[in-house]
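Required output: the full structure, derived from the provided sequences and hints.
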Amino acid sequence: SQQGEEDPQALSIQEGENATMNCSYKTSINNLQWYRQNSGRGLVHLILIRSNEREKHSGRLRVTLDTSKKSSSLLITASRAADTASYFCALTGGGNKLTFGTGTQLKVEL
Amino acid sequence: DAGVIQSPRHEVTEMGQEVTLRCKPISGHNSLFWYRQTMMRGLELLIYFNNNVPIDDSGMPEDRFSAKMPNASFSTLKIQPSEPRDSAVYFCASSLRGASRETQYFGPGTRLLVL
Chain A
8 SQQGEEDPQA LSIQEGENAT MNCSYKTSIN NLQWYRQNSG RGLVHLILIR SNEREKHSGR
68 LRVTLDTSKK SSSLLITASR AADTASYFCA LTGGGNKLTF GTGTQLKVEL
Chain B
177 DAGVIQSPRH EVTEMGQEVT LRCKPISGHN SLFWYRQTMM RGLELLIYFN NNVPIDDSGM
237 PEDRFSAKMP NASFSTLKIQ PSEPRDSAVY FCASSLRGAS RETQYFGPGT RLLVL
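Sequences listed follow chains A and B, in order.
Here our numbering is used: the first sequence runs in plain steps of one and ends on residue 117.
Here our numbering is used: the second sequence runs in plain steps of one and ends on residue 291.
Don't read these hints as lab results, they were simulated from the structure.
Any given hint might turn out to be false.
To be verified - Simulated restraints on C-beta separations:
1. Gln193/B / Asp73/A: 44 to 54 Å
2. Ser183/B / Gln21/A: 33 to 43 Å
3. Arg48/A / Asn227/B: 27 to 37 Å
4. Leu291/B / Arg48/A: 17 to 27 Å
5. Arg240/B / Ser58/A: 13 to 23 Å
6. Leu291/B / Arg57/A: 40 to 50 Å
7. Leu82/A / Gly218/B: 37 to 47 Å
8. Glu60/A / His186/B: 37 to 47 Å
9. Pro237/B / Glu22/A: 35 to 45 Å
10. Ser263/B / Arg48/A: 10 to 20 Å
11. Asn59/A / Leu289/B: 19 to 29 Å
12. Ser249/B / Thr71/A: 32 to 42 Å
Note that beta-carbon positions come from the ideal geometry of N, C-alpha and C, so glycine has one too.
Below, the structure written as structure tokens:
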């Protein structure tokens with residue numbers, strides 16, 4: 008099964024700035040999800056975008072999906088120190104099996 | 177809701193010993209997933225169950241690994257015998273059939289160290 012690849016691998020920004028991370032994949036998908044993982048914890052679901060959707064918002068999160076380019080982006084606006092975590096994209100090609108990407112480590116500094 | 181519960185949270189054992197990891201999914205969820213996370217390989221799906229039946233175990237690395245789900249509220253992942261390369265964080269996740277079935281809810285993980 009395919010795996011998404013996140014870019015960049017690591018990102019360091021100042022509190023209040025926006026953070027953008029990208030996910031690219033290779034084959035068709037049913038939907039794409041973003042998860043967050045705080046250090047030493049389990050993953051937490053953030054947002055799901057279906058293949059027929061182009062953009063989705065949830066609070067300070069904005070996700071876009073471009074199926075022609077096989078890529079998605081996650082934008083976190085007005086970042087906070089508490090947003091420091093690893094962010095993963097996860098792909099669903101069918102059924103309820105997810106394939107996770109390699110993750111982007113975000114550090115938000117005060 | 178208590179969320180997905182995993183035990184133990186930490187396990188240190190010696191090579192050759194049997195290790196059993198436990199998971200209680202969220203009540204009402206009918207899909208359960210076991211993942212392994214390492215720095216080198218990232219997050220890997222080992223096996224998943226629908227309605228207590230194993231659907232895909234292609235991620236189980238070797239015969240030393242086995243998983244069971246005797247009922248809807250309990251699953252185990254067993255490693256016998258354990259090896260140092262099995263050291264990782266093992267996560268259990270569950271999801272609900274229906275419109276939200278793609279969203280998975282993760283437990284806190286079991287950090288396994290095999291010496």
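Here's how the hints hold up against the structure:
1. Gln193/B / Asp73/A: 44 to 54 Å: 49 Å, holds
2. Ser183/B / Gln21/A: 33 to 43 Å: With a Cβ separation near 40 Å, Ser183/B and Gln21/A satisfy 33 to 43 Å, so the hint holds.
3. Arg48/A / Asn227/B: 27 to 37 Å: 28 Å, holds
4. Leu291/B / Arg48/A: 17 to 27 Å: Holds, at about 24 Å.
5. Arg240/B / Ser58/A: 13 to 23 Å: At roughly 38 Å between Cβ atoms, Ser58/A and Arg240/B fall outside 13 to 23 Å, so the hint is violated.
6. Leu291/B / Arg57/A: 40 to 50 Å: Because 46 Å falls inside the window, the suggested range holds.
7. Leu82/A / Gly218/B: 37 to 47 Å: Given range 37 to 47 Å: violated, Cβ gap about 23 Å.
8. Glu60/A / His186/B: 37 to 47 Å: The hinted range 37 to 47 Å holds for Glu60/A and His186/B, with Cβ atoms some 40 Å apart.
9. Pro237/B / Glu22/A: 35 to 45 Å: 41 Å, holds
10. Ser263/B / Arg48/A: 10 to 20 Å: 18 Å, holds
11. Asn59/A / Leu289/B: 19 to 29 Å: The hinted range 19 to 29 Å is violated for Asn59/A and Leu289/B, with Cβ atoms some 45 Å apart.
12. Ser249/B / Thr71/A: 32 to 42 Å: Since Ser249/B and Thr71/A have Cβ atoms about 39 Å apart, the given range 32 to 42 Å holds.
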